[in-house]
Amino acid sequence: MGSIVLKNVSKVFGGHQVIPGIDLSIDEGEFVVFVGPSGCGKSTLLRLIAGLEDVSGGEILIDGRNATELPPARRGLAMVFQSYALYPHMTVRNNIGFPLKMAGESKETIDKKVGEAARVLNLTNYLDRRPGQLSGGQRQRVAIGRAIVRQPSAFLFDEPLSNLDAALRGTMRIEISELHQQLKTTMVYVTHDQVEAMTMADKIVVLNIGRIEQVGSPLDLYRSPQNLFVAGFIGSPRMNLITGEEAAKRQAATIGVRPEHVVLSKSKGEWSGTVGVSEHLGSDTLLHVDAGKLGQITVRADGEFQVRHGERVYMTPDPQRIHRFDAEGQAIR
Amino acid sequence: MARMASRRRKLTFTVIAWIIALLIFFPILWTILTSFKTEGDAVAVPPHFLFFHWTTENYTEVWSRSSYLLHFWNSVVISIGSTIIGLIIAIPAAWAMAFSPTKRTKDVLMWMLSTKMMPAVGVLVPIYLIFKNTGLLDTRTGLVIIMTLINLPIIVWMLFTYFKEIPNDILEAARMDGATLGKEILYILTPMAVPGIASTLLLNIILAWNEAFWTLNLTASNAGPLTAFIASFSAPEGLFYAKLSAASTMAIAPILVMGWFSQKQLVRGLTFGAVK
Numbered sequence: 001m002g003s004i005v006l007k008n009v010s011k012v013f014g015g016h017q018v019i020p021g022i023d024l025s026i027d028e029g030e031f032v033v034f035v036g037p038s039g040c041g042k043s044t045l046l047r048l049i050a051g052l053e054d055v056s057g058g059e060i061l062i063d064g065r066n067a068t069e070l071p072p073a074r075r076g077l078a079m080v081f082q083s084y085a086l087y088p089h090m091t092v093r094n095n096i097g098f099p100l101k102m103a104g105e106s107k108e109t110i111d112k113k114v115g116e117a118a119r120v121l122n123l124t125n126y127l128d129r130r131p132g133q134l135s136g137g138q139r140q141r142v143a144i145g146r147a148i149v150r151q152p153s154a155f156l157f158d159e160p161l162s163n164l165d166a167a168l169r170g171t172m173r174i175e176i177s178e179l180h181q182q183l184k185t186t187m188v189y190v191t192h193d194q195v196e197a198m199t200m201a202d203k204i205v206v207l208n209i210g211r212i213e214q215v216g217s218p219l220d221l222y223r224s225p226q227n228l229f230v231a232g233f234i235g236s237p238r239m240n241l242i243t244g245e246e247a248a249k250r251q252a253a254t255i256g257v258r259p260e261h262v263v264l265s266k267s268k269g270e271w272s273g274t275v276g277v278s279e280h281l282g283s284d285t286l287l288h289v290d291a292g293k294l295g296q297i298t299v300r301a302d303g304e305f306q307v308r309h310g311e312r313v314y315m316t317p318d319p320q321r322i323h324r325f326d327a328e329g330q331a332i333r
Numbered sequence: 001m002a003r004m005a006s007r008r009r010k011l012t013f014t015v016i017a018w019i020i021a022l023l024i025f026f027p028i029l030w031t032i033l034t035s036f037k038t039e040g041d042a043v044a045v046p047p048h049f050l051f052f053h054w055t056t057e058n059y060t061e062v063w064s065r066s067s068y069l070l071h072f073w074n075s076v077v078i079s080i081g082s083t084i085i086g087l088i089i090a091i092p093a094a095w096a097m098a099f100s101p102t103k104r105t106k107d108v109l110m111w112m113l114s115t116k117m118m119p120a121v122g123v124l125v126p127i128y129l130i131f132k133n134t135g136l137l138d139t140r141t142g143l144v145i146i147m148t149l150i151n152l153p154i155i156v157w158m159l160f161t162y163f164k165e166i167p168n169d170i171l172e173a174a175r176m177d178g179a180t181l182g183k184e185i186l187y188i189l190t191p192m193a194v195p196g197i198a199s200t201l202l203l204n205i206i207l208a209w210n211e212a213f214w215t216l217n218l219t220a221s222n223a224g225p226l227t228a229f230i231a232s233f234s235a236p237e238g239l240f241y242a243k244l245s246a247a248s249t250m251a252i253a254p255i256l257v258m259g260w261f262s263q264k265q266l267v268r269g270l271t272f273g274a275v276k
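Heads up: the protein sequence lines correspond to chains A and B, in order. Under the working numbering, the residue at position 309 of the first sequence is numbered 309, and the numbers go up by one with no gaps. Under the working numbering, the residue at position 73 of the second sequence is numbered 73, and the numbers go up by one with no gaps.
Among the clues, some could well be false.
[To be verified] Selected chain A positions facing chain B (in silico; Cβ < 7 Å): (1) L52; (2) A73; (3) G76; (4) M79; (5) F81; (6) S83; (7) A85; (8) H89; (9) F98; (10) M102; (11) G104; (12) G310.
[Claimed, not checked] The list that follows gives simulated cross-link-like pairs (lysine-lysine, DSS-like), each with its CA atoms no further than 30 Å apart: (13) A/K184 with A/K107; (14) A/K101 with A/K113; (15) A/K101 with A/K184; (16) A/K107 with B/K183; (17) A/K101 with B/K164; (18) B/K183 with A/K112; (19) B/K183 with A/K113; (20) A/K268 with A/K249; (21) B/K103 with B/K116; (22) B/K103 with B/K10; (23) A/K101 with A/K112; (24) A/K101 with B/K103.
Since the hints were made in silico from the structure, they are not lab data. Note that CB positions come from ideal geometry on N, CA and C, so glycine has one too.
Next up, chain A with everything else stripped away, as it sits in the complex (with noise of 0.2 Å):
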């Protein structure tokens, strides 16, 4: 239970092309997650999947079964909205039991699934509030608490953590990976966030102008991305890209270094450069260098390199950990 396979399927917006027609397939039990700037199409084709946007060419199956033309209700699955979209004039209760209560499921199955889910979710003690009582990272649960009732074939999320602080982001973002880990139901996340793409994904899809970059696990992305765009999206800070004399000595239109592969160095390397901003971050400080044609570079040196503003320093790139694109942006293997 739980796979979806997207065949050449497509969206057009009043005429305006926004998914030109996309081929996927999520497997039982994966956490997928789209990944990809303002704009590129993730929250839409995940929209399409929830049957919340009719299609406008292509298939859509999910468990082997054609749900192009189904209702969202029909589909099986379950969505947490970016808004937690919860009932403002019913209690925690009615929330999570309102999909039970729309199955036509009795009164007692009902607070039972509730009061389970409750007590995953840590919500036992709000079950009579109402959600302007709840704070931001308690509604986020409550919307939670209402998919999982259902029992779902799969889970969407679309952007289930852009409304909340940083430190609950973090949080959640654990307690949401457990629930996967425990449910062992396919999820698909929707987030414009790299970070989390990288620490929640089995699988990441990663979405630019509507048209699918690149899929892979995060490691495999980070590791050997196949173009200039997911070079640039995947890794925090991103990579250096450097095009020129310097690309061209190593037959390639474009080169692309990670800051964590460039060796710094204060009396040797092969590029030199001055600092300008160094951002200490405790056990790193990211160097941001002024490497002349190079352009700037970013480097992750040691938390307790030294170095002062305008100071000249020096770099060497690992030569494995080198990324080569041709003048299209493709990655030469």
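Using the hints provided, position chain B relative to the given structure of chain A.
Same frame as chain A, but now just chain B:
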């Protein structure tokens, strides 16, 4: 220092607010006071403010000389009737425009509102003739129809604004949760829209109750509501200010009481959409 300055500021604003409120209320207060004066005191120069001979004879005379209850009943039927019919038409209309808008929805809304920009007197003759030819003149049915029509744009606009405030995500969540259109309306939309519908209802009753142009022009003795009842006291035999005031007080009292008890809803109705 800063604290004293802020207290002084607060005091100034309070005083100004009271003055403005009293200025607005003064005509009503004067009308009520005049209704308890004799006709002589009512026109005395300089006017007597509180020290005059208090009497209730205006009320007894107004009561005996006219059929207050008939007019009151007409007002009730016309304002409540037109409001209910208006809501029955406007709820689905506003619903459709808020939740499945088309390219022309904005134009339709503007067009509806534009009918309120036209002076009513511009269509008085045609409407009068239509009413005359269809036998609707001086009937409650006729007034309910005209009142529904003139207030419909406002009802649709108000409801549209309320429905717009209901986030689409919530409706989509209900759809994901398995609610059919009927259940979505019953369990989600209606409970969330009730405050909006209630304030629209109250405001529209008040608008219809106070409307004078059409009620005066299309009624005589049978279907005239309280506005026509007041007007009948500014009679050709001369102005009787005290009796006119008594009649006015009797006409505004019911709606004032209703307004007082539904203040909270009304304020929301009047400031709708002002703050999220």
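Now the hints, each set against the structure:
{"no.": "1", "hint": "L52", "verdict": "holds, 5 Å"}
{"no.": "2", "hint": "A73", "verdict": "holds, 4 Å"}
{"no.": "3", "hint": "G76", "verdict": "violated, 10 Å"}
{"no.": "4", "hint": "M79", "verdict": "holds, 5 Å"}
{"no.": "5", "hint": "F81", "verdict": "holds, 5 Å"}
{"no.": "6", "hint": "S83", "verdict": "holds, 5 Å"}
{"no.": "7", "hint": "A85", "verdict": "holds, 4 Å"}
{"no.": "8", "hint": "H89", "verdict": "holds, 5 Å"}
{"no.": "9", "hint": "F98", "verdict": "holds, 5 Å"}
{"no.": "10", "hint": "M102", "verdict": "holds, 4 Å"}
{"no.": "11", "hint": "G104", "verdict": "violated, 9 Å"}
{"no.": "12", "hint": "G310", "verdict": "violated, 45 Å"}
{"no.": "13", "hint": "A/K184 with A/K107", "verdict": "holds, 27 Å"}
{"no.": "14", "hint": "A/K101 with A/K113", "verdict": "holds, 11 Å"}
{"no.": "15", "hint": "A/K101 with A/K184", "verdict": "holds, 25 Å"}
{"no.": "16", "hint": "A/K107 with B/K183", "verdict": "holds, 18 Å"}
{"no.": "17", "hint": "A/K101 with B/K164", "verdict": "holds, 26 Å"}
{"no.": "18", "hint": "B/K183 with A/K112", "verdict": "holds, 23 Å"}
{"no.": "19", "hint": "B/K183 with A/K113", "verdict": "holds, 21 Å"}
{"no.": "20", "hint": "A/K268 with A/K249", "verdict": "holds, 20 Å"}
{"no.": "21", "hint": "B/K103 with B/K116", "verdict": "holds, 23 Å"}
{"no.": "22", "hint": "B/K103 with B/K10", "verdict": "violated, 48 Å"}
{"no.": "23", "hint": "A/K101 with A/K112", "verdict": "holds, 13 Å"}
{"no.": "24", "hint": "A/K101 with B/K103", "verdict": "violated, 36 Å"}
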